[in-house]
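Novice: Chains as they are written, first to last, in the working numbering: chain V, 1 to 318; chain Y, 1 to 545.
None of these hints come from the bench; they were simulated from the model. Since the model is a prediction, treat every value here as computed from it, not as a measurement. Hints are not guaranteed to be accurate.
[To be verified] One side only, chain V facing chain Y, incomplete, derived with CB under 10 angstroms: (1) 224; (2) 228; (3) 237.
[Stated by the list, open to error] A short, non-exhaustive set of chain Y residues, derived as facing chain V with CB atoms under 7 angstroms: (4) 122; (5) 157; (6) 194.
[As the list claims (entries may be wrong)] Label-pair restraints from in silico Cβ distances: (7) Y:290 x V:5: 27 to 33 angstroms; (8) Y:159 x V:110: 33 to 39 angstroms; (9) Y:290 x V:110: 53 to 59 angstroms; (10) V:29 x Y:389: 53 to 59 angstroms; (11) V:18 x Y:290: 20 to 26 angstroms; (12) Y:374 x V:209: 36 to 42 angstroms; (13) V:315 x Y:292: 19 to 25 angstroms; (14) Y:410 x V:315: 40 to 46 angstroms; (15) V:209 x Y:250: 46 to 52 angstroms; (16) Y:71 x V:153: 39 to 45 angstroms; (17) Y:415 x V:315: 28 to 34 angstroms; (18) V:134 x Y:152: 33 to 39 angstroms.
Note that CB positions come from ideal geometry on N, CA and C, so glycine has one too.
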Amino acid sequence: MHPIIKLVAQRLSLGILLLFAASAMIFGLTEALPGDAAQAVLGQAATPESLANLREEMGLNEPAVSRYFDWLGGIMTGDLGTSIVNRLDIAESVGKRLGNTLFLAFWAAVVSVPLAIFLGLLAVRYRDRWPDKLISAITLTTISIPEFLIGYVLVYFLAVKLGFGTALAMVNDSMSLWQKLNAITLPVLVLTLVVLAHMMRMTRAAILNVMQSAYIETAELKGLSTFNVIAKHAFPNAVSPIVNVVMLNLAYLVVGVVVVEVVFVYPGMGQFLVDAVTKRDVPVVLACGIIFAAIYIGLNMLADIISILANPRLRHPK
Amino acid sequence: MSNAMLKVKGLKIGATVYPPGEKPHDIEIVHGVDFEVEKGKVLGLIGESGAGKSTIGLAAMAYGRGGVELTGGEVWVNDREILHTTRNDLRSLRGGEVTYVSQSAAASFNPARQIMEQVTEAAIRHGKFSKADAEARGVELFRKLGLPDPENIGKRYPHQVSGGQLQRCMTALALCPEPDLVVFDEPTTALDVTTQIDVLMAIKEAIRDTGVAALYITHDLAVVAQVSDDIMVLKMGEMVEYGSVDQIINSPKEDYTKALVSVRSIDHEEKVSSDEAVLKVENVTARYKGTKFDVLKDINVELHAGQTLAVVGESGSGKSTLARVITGLLPQKDGNVHFAGRDLKPVMKTRPKEDLRELQMIYQMADTAMNPRQTVGTIIGRPLEFYFGLRGAEKQKRIQELLDEIELGEGFQDRYPAELSGGQKQRVCIARALAAKPKLIICDEVTSALDPLVADGILKLLLDLQKREDVAYLFITHDLATVRAIADSIAVMYQGEVVRYGPKSQVLSPPFDDYTDLLLSSVPEMKLGWLEEVIANRKMESGGN
Numbered sequence: 001m002h003p004i005i006k007l008v009a010q011r012l013s014l015g016i017l018l019l020f021a022a023s024a025m026i027f028g029l030t031e032a033l034p035g036d037a038a039q040a041v042l043g044q045a046a047t048p049e050s051l052a053n054l055r056e057e058m059g060l061n062e063p064a065v066s067r068y069f070d071w072l073g074g075i076m077t078g079d080l081g082t083s084i085v086n087r088l089d090i091a092e093s094v095g096k097r098l099g100n101t102l103f104l105a106f107w108a109a110v111v112s113v114p115l116a117i118f119l120g121l122l123a124v125r126y127r128d129r130w131p132d133k134l135i136s137a138i139t140l141t142t143i144s145i146p147e148f149l150i151g152y153v154l155v156y157f158l159a160v161k162l163g164f165g166t167a168l169a170m171v172n173d174s175m176s177l178w179q180k181l182n183a184i185t186l187p188v189l190v191l192t193l194v195v196l197a198h199m200m201r202m203t204r205a206a207i208l209n210v211m212q213s214a215y216i217e218t219a220e221l222k223g224l225s226t227f228n229v230i231a232k233h234a235f236p237n238a239v240s241p242i243v244n245v246v247m248l249n250l251a252y253l254v255v256g257v258v259v260v261e262v263v264f265v266y267p268g269m270g271q272f273l274v275d276a277v278t279k280r281d282v283p284v285v286l287a288c289g290i291i292f293a294a295i296y297i298g299l300n301m302l303a304d305i306i307s308i309l310a311n312p313r314l315r316h317p318k
Numbered sequence: 001m002s003n004a005m006l007k008v009k010g011l012k013i014g015a016t017v018y019p020p021g022e023k024p025h026d027i028e029i030v031h032g033v034d035f036e037v038e039k040g041k042v043l044g045l046i047g048e049s050g051a052g053k054s055t056i057g058l059a060a061m062a063y064g065r066g067g068v069e070l071t072g073g074e075v076w077v078n079d080r081e082i083l084h085t086t087r088n089d090l091r092s093l094r095g096g097e098v099t100y101v102s103q104s105a106a107a108s109f110n111p112a113r114q115i116m117e118q119v120t121e122a123a124i125r126h127g128k129f130s131k132a133d134a135e136a137r138g139v140e141l142f143r144k145l146g147l148p149d150p151e152n153i154g155k156r157y158p159h160q161v162s163g164g165q166l167q168r169c170m171t172a173l174a175l176c177p178e179p180d181l182v183v184f185d186e187p188t189t190a191l192d193v194t195t196q197i198d199v200l201m202a203i204k205e206a207i208r209d210t211g212v213a214a215l216y217i218t219h220d221l222a223v224v225a226q227v228s229d230d231i232m233v234l235k236m237g238e239m240v241e242y243g244s245v246d247q248i249i250n251s252p253k254e255d256y257t258k259a260l261v262s263v264r265s266i267d268h269e270e271k272v273s274s275d276e277a278v279l280k281v282e283n284v285t286a287r288y289k290g291t292k293f294d295v296l297k298d299i300n301v302e303l304h305a306g307q308t309l310a311v312v313g314e315s316g317s318g319k320s321t322l323a324r325v326i327t328g329l330l331p332q333k334d335g336n337v338h339f340a341g342r343d344l345k346p347v348m349k350t351r352p353k354e355d356l357r358e359l360q361m362i363y364q365m366a367d368t369a370m371n372p373r374q375t376v377g378t379i380i381g382r383p384l385e386f387y388f389g390l391r392g393a394e395k396q397k398r399i400q401e402l403l404d405e406i407e408l409g410e411g412f413q414d415r416y417p418a419e420l421s422g423g424q425k426q427r428v429c430i431a432r433a434l435a436a437k438p439k440l441i442i443c444d445e446v447t448s449a450l451d452p453l454v455a456d457g458i459l460k461l462l463l464d465l466q467k468r469e470d471v472a473y474l475f476i477t478h479d480l481a482t483v484r485a486i487a488d489s490i491a492v493m494y495q496g497e498v499v500r501y502g503p504k505s506q507v508l509s510p511p512f513d514d515y516t517d518l519l520l521s522s523v524p525e526m527k528l529g530w531l532e533e534v535i536a537n538r539k540m541e542s543g544g545n
């Protein structure tokens, strides 16, 4: 068997194993919270009798382990359970929210990843000169400012003063793609500013590291232009660390956008999760947790696999 | 107008240095050098490290490595001055008119791209050939350089071919754009002797067939004598002597050149083995964890007190692995190691302190074998504390004695490794090993990273110390000249086996087995026409069979 298939298979099975561990942890942590779903539904005024009845009805008297496997079995068959607050099917209501979040994350990634890599290349090309310093200064500033502040500042100056984009990023099914894109302009901008610095700095560092290699000197002594040397000779060897940090940031775009969604009142997973937590809607919290974990683990696994595929020694064994 | 294709006049080169504890400042490393290379001729640049030979070679491409700057003088290529020209002009010069072959092809090829792509890149970019023509020329060069499967080797990635093959690919890379001048920077130094000879011949024929001019940079006078027409000897950035190969080799004028020509002239009478063996390796077999083949196969060797056993072989022959087994870093799979009349435990961590003390090591890279933040005194003092519990004035006295032994005077105690030269660093490592009063020191390629004259000094010191301290050496090396200088007995290793073993006089005299014969005949001799002679002999022998 080609060694690369073996390595990729190893990564995949490790990812699945990790996902199971994460599910156990999420379940265990919600179990450890004081009170339970029955308490949450009935609130402070509950009598011991009604609590006991509801517990019986919800199956909460079963041991935790068997409830965990029930829940896990449900997830595997696509059944995320029902919300205890509004009695709706979670899979359905989460599905729409997840779609919105992925939509926002996708467009933020489309803008930020190529921009970050291009700025990284540019910073290497003009290393230690003013373009490099300017790029570093701006990206470091934007990563240092809390994202809600950037969000409100952009809303005030762009949306309110200049009429560019909309302050509230409400989207719904009846909107055309163009209308949706117009609605998410500002959140995409904020997210881009937040993740840009990390990816750009890593691109710069990884390529500068490769630029010390003897084969870069060989390329320079072939009379290639500096940009050619960087793009054709340095970049292919810096793919692995760059992909890793890109994937971390993509994961952040999906699971870490709670604050931005709240600022722009965007109907995504983040708001959904926050609502569920305040209402102590444990099944929804569990569902969101496992989806976030799956996305996080999946993207990092993808980064590992791309790193493996990018290594010529593994791709073309002796 | 002379028909010199490269003319260098009064070339001065400077660099910024960052000495520890001082302010960075500029120094001059080449102090005004003049030379010319005519079309189709080869000029050898020779000197020790720090002589500025690579720096001068790269100046022919107006390139300064790292912080190096070309500060003065003129460099003319094809009647065009290149030190004060535009960036675009430089780009057409580099990789078009002048190309470069580096010491380590393994590091100089981009690991992420196919060999052919890299070989033809410059020719295509400079518009010398179309892609198809450049590739055809690449295949032609691969064939000329004696590479196996020339049609398809270009489709491979650098890690898929051997070191010697890659070095030839690098030569093809340099010759592909039909340059007027090639700078060869130590192109065979990193290769085994048996590989070096083939690459050397391939380079020589390629130069002859293409009529290209060349600068050939090396520290090995015997090598440069085989390929050059003229030789320039450099020392500390200054020209010492400049003449034809014949004149430099056979009648050198300057003392420094004479020293280079006569280097490796240590005369060492082998000692008769009389007393009990201090080290006895019996039927040792070893393999690395997770692998399926033995890197050492049934090794049997003996070393007597106060004597030297040289273990010689190419890279990958298992000689360093043998040292790892003896020191307990790699426990053997089978067999025994006896040391000073007792059995050594296979795993180092389980060995008693006395075993650790009596068995010391010196490494190839003195640089990395010392803590850069400790002074020489601390480095040497550590084993004195650890093994003998010495403190205070007693320890100071012993440190000074050891420094005297390695011929470093007072004042060295407080210096840091970065303030020492390569030879001095290796001496400190020797003192550290001696401090433990060992019975056996394993020397792993201890002179390989040093210049010939400095290496000679280290070998003399080791022999002196052996006489005084009665310490035995297990001397691992790939260099047969070193073996001749220091060994009492020799073990020749090849693919994990000892193929020849015995007293020096016996191992180095005929009849030889095939491998030892190949190894011995591959060592370059300081003699004109040696390369052709050896190749002719080999062709005759293989023709006779």
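Novice: Against each hint, give a clear statement of whether it holds in the structure.
Specialist: How the hints compare with the structure:
no. : hint                              : in the structure
1   : 224                               : 6 angstroms, holds
2   : 228                               : 8 angstroms, holds
3   : 237                               : 5 angstroms, holds
4   : 122                               : 4 angstroms, holds
5   : 157                               : 5 angstroms, holds
6   : 194                               : 21 angstroms, violated
7   : Y:290 x V:5: 27 to 33 angstroms   : 19 angstroms, violated
8   : Y:159 x V:110: 33 to 39 angstroms : 35 angstroms, holds
9   : Y:290 x V:110: 53 to 59 angstroms : 44 angstroms, violated
10  : V:29 x Y:389: 53 to 59 angstroms  : 55 angstroms, holds
11  : V:18 x Y:290: 20 to 26 angstroms  : 25 angstroms, holds
12  : Y:374 x V:209: 36 to 42 angstroms : 28 angstroms, violated
13  : V:315 x Y:292: 19 to 25 angstroms : 23 angstroms, holds
14  : Y:410 x V:315: 40 to 46 angstroms : 58 angstroms, violated
15  : V:209 x Y:250: 46 to 52 angstroms : 49 angstroms, holds
16  : Y:71 x V:153: 39 to 45 angstroms  : 52 angstroms, violated
17  : Y:415 x V:315: 28 to 34 angstroms : 48 angstroms, violated
18  : V:134 x Y:152: 33 to 39 angstroms : 48 angstroms, violated
In terms of the numbered hints stated before, the structure departs from hints 6, 7, 9, 12, 14, 16, 17, 18, listed from lowest to highest.
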